[in-house]
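Peer 1: Counting in the numbering used here, the sequence shown runs without a single skipped number right up to 204 at its last residue.
Rather than coming from a laboratory, the hints here were simulated on the basis of the structure.
Backbone N, C-alpha and C define an ideal beta-carbon position, used for all residues, glycine too.
Check the hints yourself; a few may be wrong.
Pair by pair, the computed Cβ-Cβ distance ranges are [what the hints assert, rightly or not]:
# : residue 1 : residue 2 : range
1 : 202       : 85        : 32 to 38 Å
2 : 133       : -11       : 25 to 31 Å
3 : 101       : 172       : 18 to 24 Å
4 : 176       : 147       : 25 to 31 Å
5 : -9        : 168       : 46 to 52 Å
6 : 32        : 145       : 31 to 37 Å
7 : 149       : -9        : 23 to 29 Å
8 : 177       : 97        : 27 to 33 Å
9 : -3        : 141       : 34 to 40 Å
Derived EDC-like pairs (lysine to aspartate or glutamate); straight-line CA-CA distance at most 16 Å [stated by the list, open to error]:
#  : residue 1 : residue 2
10 : 20        : -9
11 : 91        : 16
12 : -1        : 24
13 : -10       : 1
14 : 28        : 81
15 : 91        : 15
16 : 131       : 162
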Amino acid sequence: MGKEMTCHQCGKTEIGNIGCPNGHYVCDDCHGKHLFEFILKDIQTTQEQNPFVIAERLMSHERVPMLGCENAWIAAGSFLVALKNEGTLKITDDQIREALQRTKRQAIGGYCGLTGVCGIAPAIGACFSVILGAACPKDQETAKTMSIVANIVQAIASLTGPCCCKAFVRVALTEAVASAQKFFNISLVAPDQIVCTYSARHPHKCREEKCPYYIYS
-12 MGKEMTCHQC GKTEIGNIGC PNGHYVCDDC HGKHLFEFIL KDIQTTQEQN
38 PFVIAERLMS HERVPMLGCE NAWIAAGSFL VALKNEGTLK ITDDQIREAL
88 QRTKRQAIGG YCGLTGVCGI APAIGACFSV ILGAACPKDQ ETAKTMSIVA
138 NIVQAIASLT GPCCCKAFVR VALTEAVASA QKFFNISLVA PDQIVCTYSA
188 RHPHKCREEK CPYYIYS
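Could you build the full structure based on these sequences and the hints that come with them?
Peer 2: This is the structure:
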């Protein structure tokens, strides 16, 4: 249950759900502070067309936590900039920023467990919403976006227990690439195999052989 907590960094008091064993709490405004602009600047300067290469490089950066909604920003940014660099769709930097800003509003720490919705799902949803121009009054634009998000939620659910943001980014990008092919006839580069190197860093214990990205020893 949520309770009144005070942010260890900025001093703001609010209703929070997640704190460390020592009683420290960090609000969503402070969580990942300065990392948003770093990720945005990085993806806007790359010429890479493989979203998985972009995502893996950013997820491995020392400033990106093992778990956290920063991974959702990476998923959205990697996918959109890969589409931009591929060139079929005229994706702009403003659209990329818009998708990441929308993601930031819905990818909130711990909500995968608190509400059953991993922030990486609405991150990819924001990408397709921006591309298709989805909005409440629209017809198929919104229906397609919701359908894509539903597929991503299902794919993420199949890899849950415990949650792993790195695995979720990979499976979400796989679904996003498939949807780009289906709806836009765009073939983005996708790897034959992804090998994870984060097993030892997982704070809740890696799923190991139950995860398709696990390195077998």
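Peer 1: Does each hint hold? Answer for all of them.
Peer 2: Okay, the hints, checked on the actual structure:
{"no.": "1", "hint": "202 / 85: 32 to 38 Å", "result": "holds (37 Å)"}
{"no.": "2", "hint": "133 / -11: 25 to 31 Å", "result": "holds (28 Å)"}
{"no.": "3", "hint": "101 / 172: 18 to 24 Å", "result": "violated (38 Å)"}
{"no.": "4", "hint": "176 / 147: 25 to 31 Å", "result": "holds (27 Å)"}
{"no.": "5", "hint": "-9 / 168: 46 to 52 Å", "result": "holds (48 Å)"}
{"no.": "6", "hint": "32 / 145: 31 to 37 Å", "result": "holds (34 Å)"}
{"no.": "7", "hint": "149 / -9: 23 to 29 Å", "result": "holds (27 Å)"}
{"no.": "8", "hint": "177 / 97: 27 to 33 Å", "result": "holds (30 Å)"}
{"no.": "9", "hint": "-3 / 141: 34 to 40 Å", "result": "holds (37 Å)"}
{"no.": "10", "hint": "20 / -9", "result": "violated (22 Å)"}
{"no.": "11", "hint": "91 / 16", "result": "holds (10 Å)"}
{"no.": "12", "hint": "-1 / 24", "result": "violated (22 Å)"}
{"no.": "13", "hint": "-10 / 1", "result": "holds (8 Å)"}
{"no.": "14", "hint": "28 / 81", "result": "holds (12 Å)"}
{"no.": "15", "hint": "91 / 15", "result": "holds (10 Å)"}
{"no.": "16", "hint": "131 / 162", "result": "holds (13 Å)"}
Hints 3, 10, 12, counting from the list given before, are not met by this structure.
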